[in-house]
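J.: Going down the list, the sequences are from chains A and B. Under our numbering, the first residue of the first sequence is numbered 94, with each subsequent residue one higher. Under our numbering, the first residue of the second sequence is numbered 1037, with each subsequent residue one higher.
Please note that the accuracy of each hint is not assured.
PhoX-like cross-link-like pairs, simulated, lysine-lysine; straight-line CA separation at most 20 Å [said to hold, decoys possible]:
#, chain 1, residue 1, chain 2, residue 2
1, B, Lys1176, A, Lys211
2, B, Lys1124, B, Lys1366
3, B, Lys1349, A, Lys151
4, A, Lys211, B, Lys1238
5, B, Lys1152, A, Lys211
6, B, Lys1366, B, Lys1349
7, B, Lys1124, A, Lys151
8, B, Lys1124, B, Lys1338
9, B, Lys1124, B, Lys1152
10, B, Lys1133, B, Lys1366
11, B, Lys1338, B, Lys1349
12, B, Lys1133, A, Lys211
Anything over 12 Å on all C-beta distances counts as not near chain B; from chain A, calculated [stated by the list, open to error]:
#, residue
13, Met185
14, Lys389
15, Pro406
Keep in mind the hints are simulated off the structure, nothing from the lab. Fair warning: this is a prediction, and the values are worked out from it, not measured in the lab. Using N, Cα and C, we set each Cβ at its ideal position, and we do this for glycine too.
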Amino acid sequence: MARRITYQQAINEALAQEMERDPTVVVFGEDVRGGAGAPGEDDAWGGVLGVTKGLSPKFPDRVIDTPISESAYIGAAAGAAASGLRPVAELMFVDFLGVCLDQIFNQAAKFRYMFGGKAVTPMVIRAMYGAGIRAASQHSQALYPIFTHIPGLKVVAPSNPYDAKGLLIQSIRDDDPVIFLEHKVLYTVEGDVPEEAYAIPFGEANIVREGSDVTVVALGRMVPFAEQAAEELQREDGISCEVIDLRTTSPLDLETLLESVENTGRLVVVDESSPRCGLASDIVARVAQDAFGDLKAAPQMVTPPHTPVPFSPTLEDAYVPSPEKIAAAVREAAGAATAGAR
Amino acid sequence: MSTVAPPGTGQLTPEQLVEAYRVMRTIREFEERLHREFATGDIPGFVHLYAGEEAIAAGVIAHLGSDDYVASTHRGHGHAIAKGCDVKGMMAEIYGKITGLCKGKGGSMHIADFDKGMLGANGIVGGGPPLVCGVGLTAKVKGTDQVAVSFTGDGGSNQGTFLESLNLAGAWHLPVIFVVENNGYAESTSSNFHQSGIDVAKRADGFGMPGIIVDGFDFFAVHEAAGEAIERARSGGGPSLIECKVNRYFGHFEGDQQTYRGPNEVEDLRRTRDCLDAFARRVTDAGVLEREALAEIDASVKTLIDDAVREAKAAPDPTAADVLTDVYVKY
C-alpha cells in the first residue's frame, strides 16, 4: 500500500525495516542517535538532519553514536562487516571522506580482490551530498565520481523517495561495500512509497520519461531538473527528451543508455560533480566509443564549472546545473540552439 | 602503565610450550628462507620480514581461538603463521601463484584468511586498528566473548587511525587489544626521532585504558601481558595497549641496505637478544623440554619450509583471465 512520504522518511523506513528483519544490521555514525551520554534527552537529533530519528528507541543497542573520528568508525564498519555484521555507517556529509578515504578505498573496497575472493564485506556508507543549501565548499560536493572510480565499491544516488527506500534496502542486503549518497535538497521531497519492504536491483537505470529526439542522462537531484527541462522543451520547442535516471553509477547500466542513444542519436549528460574526470565525461566517452555510429550530434555535458562549490546564494545558484542550462544543452544537441541560448 | 617482571615458564603446559616454539621457529625459518630466496630475484614485489619479533606474534596469538581476529601490518607473515594461516599457501602467495592463499592477488602485504580470523597483512601503515574496532563491535552486538587484536608498529602508532581507534575502543568499551611492536624504526627513521614521547604505552593513559611495556624478545613476558589483557577484554573489561620493545633482524624491506643501523647492531641483537635462543634456554634450564625435542621441531619446520618453497616455485601462475575475477561478490 503506497502513501506519500518524504525522501528522508523513506530512508528512515528502509533502515527500520531492515533492522527489524535482520538483527545483524547496525547503524552508527556521528549523532545518528544524538545526545548519547548527555544530560538531556536521548535520540535528541537522530542524525544531524534527523534522518535516523526514532530508530534508537526501537533498536537501542544497534543505533550507536560515534566520536568524531571518521577513519576509526568507517574502518570499524569494514571490520564489523568482515566479522559478521551488516553495518550502515553514516559519514554525515560526503565531503568528510577526505578524513577516512583510506579505510574505504584501500581497505573495504579491496578486501575481496586482494584476499583472493574469500572475503565478504557487506557494509553501507550513507552520506549526504550535493549543493543547494548554502553549505559552502566543504559541505556541498557531489563526490560520486571518486567512489565510482574505485573497483570494489558500488555507488548509489537515488533521485526520489521510492528509489531511496528500495535502493537502500538493496544496499543493506548487498554483500559488497556500497556508498549510498543522499541529496540533502531532496530530503523534503514527497513521493509514493509502498509501506512494505522492497529492493531495487543495482545497475538498472530508470527511464523516467520516454522520448525520441534527445537522450538526457541524470542522477540524483539532476533527475527532477532534467524532467523539468524536458517538459519545457516539449512544450516550447517540440523536442522530445528521453530522461534516464542512472540510479547507480557503479554498476552502470550502459545498455539502457546505448539503446536510448540508438533511438535518439543525441546525448546530454547532466552531472552535479566537477567536470574533469567526472561522470559526464565518463558516460560520453563510453557512448562515443560504443555507439559512435549512432550519434547525430556531439554529446553535451551539463556540469558545474571546475571550481569549489561557492557559498553565496547567487554564486551557488550560478554554479549548479539548472533546468535552463539543461534545456540549452538539449537544444544544442538537437541542432536547435538559438543565439545566446547558452 | 606498568612493566611485567620476567617470569619463569609460567603456567604453560609442555604442549603449549612446544606449540609456541614451533610457531616461533616456523616464522623464523619462513623469514630467513625468504631473505635468501628474495636475493635470487625469484620473488616479485615488496617483502617485509618479521624475523627477530617472533615472540610477540607467538606470545599474543597463543591466547586466541580461531574465531578471534587479528589485523596485521605490512610485516605480517609472523602474525599470519601464528594465527594458523596455511604456510604453504602463504609461500605460494608470496611467489604470486594461483595456489596462494589469495590466489596471487595479494602477495606478501595482503596475506589474509578471514576463516582463520586473519583480517590481513596491510599495505597501509595504521590500516588495521580501525578494523579490529569493528570486530569488537560485532562481538558486543552478537554477545560473544570474541576479542580482536591489532598489531601496529612504532611507525603506525603515529597514525591518526591508531589514536582514533584507541579512543573509539575506549568510548565503546570494546574487547580489543592494541599491540605495538616498537622495533625502533619507522622504515628508516628511528623512533628516537619520530616519536614524541618514547613510550607508546603511555598514550594509553590518555585514553583511559591500561598500557603496559614488555620486552618483545621475551616470549614469556609477552604471553603473560597479553593473557591479562585478553582475559580482561573477554570478560567485558575493555581495551588495552601493550607495547613490545623489540628490533628486527632485517631491513624495512628486502633490499634495504640498512645504512641507518649502528655498527654490529643486528649481529649483537642476534647474539644477545634472540627470542628463540632465550626461549630454548628457559625451557631446557627449567627441565620442561629437552634440547632434542626442540631440535626435532627445528628439523620438521625446515622440511615444511623446504616443501613450501619447492611447491610454490613449481605451482602455476594465475592466468590473465584471473585479473577480472573476485572484484565483487555480484556485479
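J.: If a hint holds in the structure, say so; if it doesn't, say that too.
T.: Comparing the hints with the structure gives:
| no. | hint | result |
| --- | --- | --- |
| 1 | Lys1176/B <-> Lys211/A | violated (24 Å) |
| 2 | Lys1124/B <-> Lys1366/B | violated (29 Å) |
| 3 | Lys1349/B <-> Lys151/A | violated (57 Å) |
| 4 | Lys211/A <-> Lys1238/B | violated (38 Å) |
| 5 | Lys1152/B <-> Lys211/A | holds (11 Å) |
| 6 | Lys1366/B <-> Lys1349/B | violated (33 Å) |
| 7 | Lys1124/B <-> Lys151/A | violated (49 Å) |
| 8 | Lys1124/B <-> Lys1338/B | holds (13 Å) |
| 9 | Lys1124/B <-> Lys1152/B | holds (15 Å) |
| 10 | Lys1133/B <-> Lys1366/B | violated (24 Å) |
| 11 | Lys1338/B <-> Lys1349/B | holds (17 Å) |
| 12 | Lys1133/B <-> Lys211/A | holds (16 Å) |
| 13 | Met185 | holds (16 Å) |
| 14 | Lys389 | holds (32 Å) |
| 15 | Pro406 | holds (35 Å) |
Hint compliance for this structure: hints 1, 2, 3, 4, 6, 7 and 10 are not met, and every other hint is.
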